[in-house]
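The two chains are supplied separately, each in an independent frame; assemble them into the complex guided by the hints.
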Amino acid sequence: MYKHLLKLRYAYQPSIKFTHVQPSTQYTPIKMTVREAINLAMDEELAHDPNVFLLGEEVGQYQGAYKVSKGLFQKYGGDRVIDTPITEAGFTGIAVGAALYGLKPIVEFMTWNFAMQAIDHIINSAAKAHYMSAGDQKASIVFRGINGATAYVAAQHSQCFASWYSNVPGLVVLAPFDCDDAKSLLKAAVRNPNPVVFLENEILYSESFELSAEARDPNYLAPIGKAKIMRQGDHVTIVAFSKMVQYSLGAAEQLFKEGINCEVINLRSLRPLDRETILESVKKTGRVVCVEEGWPQSGISAEITALIMEGGAFKYLDAPIQRVTGVEIPTPYAFNLEAMTFPKTEQIVDAVLNVLKGAR
Amino acid sequence: MKHFMRFSKISKAFKEVPSQYVYQINPIQNFEQIKQFRVIDLEGNLIAKEYNNIPKETLNQIFDLMLTIEEMDNILYMSQRQGKISFYMTSFGETATTVGTTAALQPQDFIFPQYREQGSFMWRGFTIEQIVNQCIGNHLDGGKGRQMPVHYGSKDLNIVTVSSPLTTQVPQASGAGYGFRVNGENKIAATWFGEGAASEGDFHSAMNFAQTLKCQTLFLCRNNHYAISTPTDDQFKGDTIAGKAPAYGMRTLKIDGNDLLAVYNGVKYAREEIIKNKEPFFIEFITYRIGDHSTSDHSVLYRSQEEIDSWKSGNNPINRLGLFLKKQGLRQFNDEHDNQIRKDVKNRVIAALKHGSEQQSPSIHDLFTDVYDEVLPHLQDQYTQLREHLTKYKDQYPINKFKGGL
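If you read the sequences in order, they're chains A and B.
Everything in the first sequence is counted per numbering that gives the first Met the number 0, starting at 0 for the first residue and increasing by one.
Everything in the second sequence is counted per numbering that gives the first Met the number 0, starting at 0 for the first residue and increasing by one.
Keep in mind that the hints were calculated from the coordinates and are not lab data.
Some hints could be false.
Said to hold, decoys possible - Just some of the chain B residues that point at chain A, by a computed CB distance under 7 Å: (1) Tyr20; (2) Ser85; (3) Ser163; (4) Gly200; (5) Ala226; (6) Ser360; (7) Gln381.
We treat Cβ as the ideally placed atom computed from N, Cα and C, and that holds for glycine.
Same shape as in the complex, but just chain B (with noise of 0.2 Å):
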């Protein structure tokens, strides 16, 4: 009986907002659309003024990276097509915000890549040649041969290996972030994942954390359209990834991802923010995936070639940040030095797939290293399992392309 409710007496301990009610049924459906960031447009014309604050310095080595590249990747693709490399992925048309982002970054930032990421690997100074013997698998690649093509990483640049499945960057970089602040450290966890990784419940978990547990984390989209062949509206409804962000309580910033300028500035506010209000961050860029999702994928099956030219003539992030440099007066823009750029690019490449071939495969002995701090005992057995059959059979292994032989 003490426990049945007195109508009469109602209690005064619920604190009320009256402003918090309505009184008729109204769902929401259409937020407003989030508005991309923009400083240049399709031809390069300065508009944003403000932002008109890169060095020069600055924005040449930008360009000559992304001319890089492109470059690279043209080889690097029809490499695999001749058998050289077993796989890869290109990354044209997105350069502008991998490049341009990295260079906002500051060098002890930890980057938490994709794999379509050259750009931020480069700008901090992985060499050709590195990209090349890891694609190769030979004895000089700096991940021992362990892993498939572009799953470089490097812990010098701190940038994490790549990765595989999907999205598992996102929440490992909520986790880095949140060492960064508990540290106080003045590093940011910048992650870097697609549109369609974004429907990864990884996705969802990573975003929660980092702004309930106050992470220093900037999440990066890369909305490139297209998720092998999935088109962005087949793989979600509502306004593209940005929109999904506020309603985590994140900060977010939509930004034309083919505009440098834009990229640049939104990535280098964004990173003050961080480090000032020790929150996570979010921004996605709108731009596109002029090539195929990777050698094993042929992308006029579900796109049309109109719409692949219509990006790659009419929006393409090099071609804007060139007519930029060129109008500003930026850069001497002649024929004869461009294209020497891009054939010494193109020389540096082959020669280092001649190079990588020529090279020795890993050692056998690297089969069985870093499964565990140390080679454990069974390991040690199957080694000299694995020693006695190479040895039985010599003239069925090419023993003489192993580094340090049997």
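This is chain A alone, in the form it adopts within the complex (with noise of 0.2 Å):
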């Protein structure tokens, strides 16, 4: 019964066909914003599928509100890339009707805040459309913007909306966090015929990240479903994506001078989620500790947690998971009220330390 169980758990897992070609070896490493890297992401796709085309508010003419599109409208002209009139409803609506036709819209929001008004459309149209219509009906079309704190910005510019849309079945969720997660998943993700929801984060904009030889390659796509150990480690496994891989990093690094080695993961993919990576670090460091920036009541953390518990790695645990996670509030902007609201490397530390209590 219990390998019957088993089936049905992983028989939900869409098949999602991934390119993972070869990559060339004529690249070198480089270094660059990840603005830049999905400048260059969306620059090739428009280049390699004339379906493919952008459209939201500023995206044109201003070059995008943060940049991200720039150059792309003198490049392509207004056909491919289309500054709309201010109404995420109308324009999304638009969108994935366009995706239903077989065009490839990549639709930006000025901010994943602001598709609030937007998300009968992501959900209703654009996710279901496909079982609901027996297959007949794909909406390849991906959804991106920013997500997440930006920084002064206030309660309806701050919510972290991983969790929302990860708990959607029909849609692909990703959060890129370097240079190489942003080109190469969002490459992967303008191929992928279902629709996705790519979460990205203003602050990691001005980051600069070396992109790697392989990403380089423009017929290179990463692996949707597959996270990323950025550090190995056998103590503690912390989990996080986006922004919150820097500062696990950060964290990573202070514990090593004592003598504590974590495994970061990356996840990258928010849905599907890499169960396998995840469970097979829990095996080997029996501690864990999640990190988001969102609220922690039905987040991300919480579903690890379950997964951690389901998935057969329970009996490995050494310590109860911890959570890092924002305060939950809508949040304020006030700077030494802001600065208290989010997780940073102090945060983790702590959680590290606190997992590993009883283990010396």
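Structure below.
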């Protein structure tokens, strides 16, 4: 009976096809910002497929509200890079319609916070279309925009929507961290036939990372549904995504000096979650700290906790799972208040030390 | 067989109105463009004499406030560039609309702002210090440091707090206006929104509901020609926003928004009509956004300096009102006196910035209050955890700058 349940549990995983082409070795790594990496990904995809187009507020002539689409309007013109009037509900609906027809829109939201008025189109129209039409209607569409805290923009611009969208069957939900993630995941998202929610981070836009030789290859697409182990270790597993990966790596560096080796997992894909990588790591370390920017209740960490319970790694745990999340309030504006609202390196270090209590 | 239609006997139950029908296909496209109501011309000459009815004192107070706001906006814009505040939005070129409108309304009328209505706030008594403290986010801020700069509100002044998502305030005004009518109150709900915000779906719902449910709502569209970088030509087709309102069955006025007398008279008329007929009213003001959209914008990237200058010198609300007052002998213009007004405002803003930046930040207890009506147990726990964290890492946080410390 147990085996039967196991079969059921994995039956719902969509068969996401990804093209993992053997990357070319002719490229050398290059340093760039995450913003440039996303721009490069869109540039390559616009060039690769004439059905791909970008739409959103200020994406064209203004070069993008955050300059992510810089240069694309000049290069591809107003038919491929469309400045829309101000209505998320409107242009998302239009984009979903175009996708159902067979085009491949990239919808840019100025922030995922404003996409709430478009959520009916994202979920009831895009996410459920394939299933409800018995496979007739595909919505190959990428919804992208900044998610989570941005600094000094308060409650209506700072919410993290990772748990909302990763809850929905039919959606693929991705959250890149560095340039490799940003470029190769976005390319994979564009070429994926399913609707993809792509959660970017405004603070990461200006951070520079090396774009690896592999990711520089215009044919390379990241595998969807695979996490990345950023740092190996055998004492504690830290699971994070997006900006929190940076703080987790910082915490790991600090803890290393005290002789604690942390394994840092960059989820990259929130739906589908890379259960295998998480479970293998937990079996190795026996201790877990989950980090997310969003609110604790019904968050990503709650899901990871549950999957560890269910996935056969429970008996490997040496301590209860610790979560480090945002404070459960609408984000305030005042600098001092906001600084205390989101996790940083110190809180992650504390959580690791907590989870290790009793191990020494 | 009972339902089989017998064509020999046509039912006489359907009452036809023959004048409703045409027998040729003639689609309608061009409506007659609604003209802008104007009282004074670009040089402040009085044209529509019957509307020269605003008391001299009111006109002077309005003019003083328009000068004050211009000066304040200048300093606060620069203070953002200097890092003293994180964000600001100026209202250059648009103050005749906001100040004039608010002067023509009654104090009990609710205002649902968008974000560029310093004029409305200040006419009703919101002070420079309140604005500056809100922008800084110190403990004196009436909003407890919760909101971004320019997102102020005031229950006392009957102005609903500014909210970022566009156009959400418009159906809210329909709702409030509905409540006023049902309760028989001598109050209207006046709501501001730009021509860009009128593209949102909420605009349609708000207008349709207001007319069908008979709400005491005044819709105020400020068409300042740009929505960040999007010019009106990319935002909509048809006869501006005013052209849409009659389609909802709503009474509509288009007003030259840089003509203070037209603004005042138009709004006064609209308010009277709303209370009398218990129906909404729509006004579109045609004006121009002389400044950038906000401190995050650099408008010369998408429009020419010549265009900006042509409005700034050629069709400027402050100049037009000033010339009118001068020509009508309603105000003595004296360079020294006027410079003194600007200087006083400048000094007051600078003093407010200085005083505001020396203030402590809001208390950490206020991180957890007002989420619900009371601080629930899980929040109480998180507050305790935070205090433990701050105690442990107190040299990493400027605790002495928090009101009430730990």
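Taking the hints in turn, this is what the structure says about them:
1. Given the 7 Å rule on beta carbons, the hint for B:Tyr20 is violated: about 34 Å separates it from the nearest Cβ of chain A.
2. A hinted interface residue such as B:Ser85 counts as satisfied when its beta carbon comes closer than 7 Å to some beta carbon of chain A; here the least separation is about 4 Å, so the hint holds.
3. A least Cβ separation of about 4 Å between B:Ser163 and chain A falls short of the 7 Å threshold, and the interface hint therefore holds.
4. Below 7 Å, beta-carbon pairs count as interface contacts, and B:Gly200 has one with chain A at about 5 Å; its hint therefore holds.
5. For B:Ala226, the suggested interface contact is upheld, since its CB lies about 6 Å from the closest CB of chain A, less than 7 Å.
6. Nearest Cβ of chain A to the Cβ of B:Ser360: about 4 Å, under the 7 Å cut. The hint holds.
7. Interface restraint check: B:Gln381 against chain A, minimum CB-CB distance 6 Å, threshold 7 Å, status holds.
Of the numbered hints given earlier, the model fails hint 1 alone.
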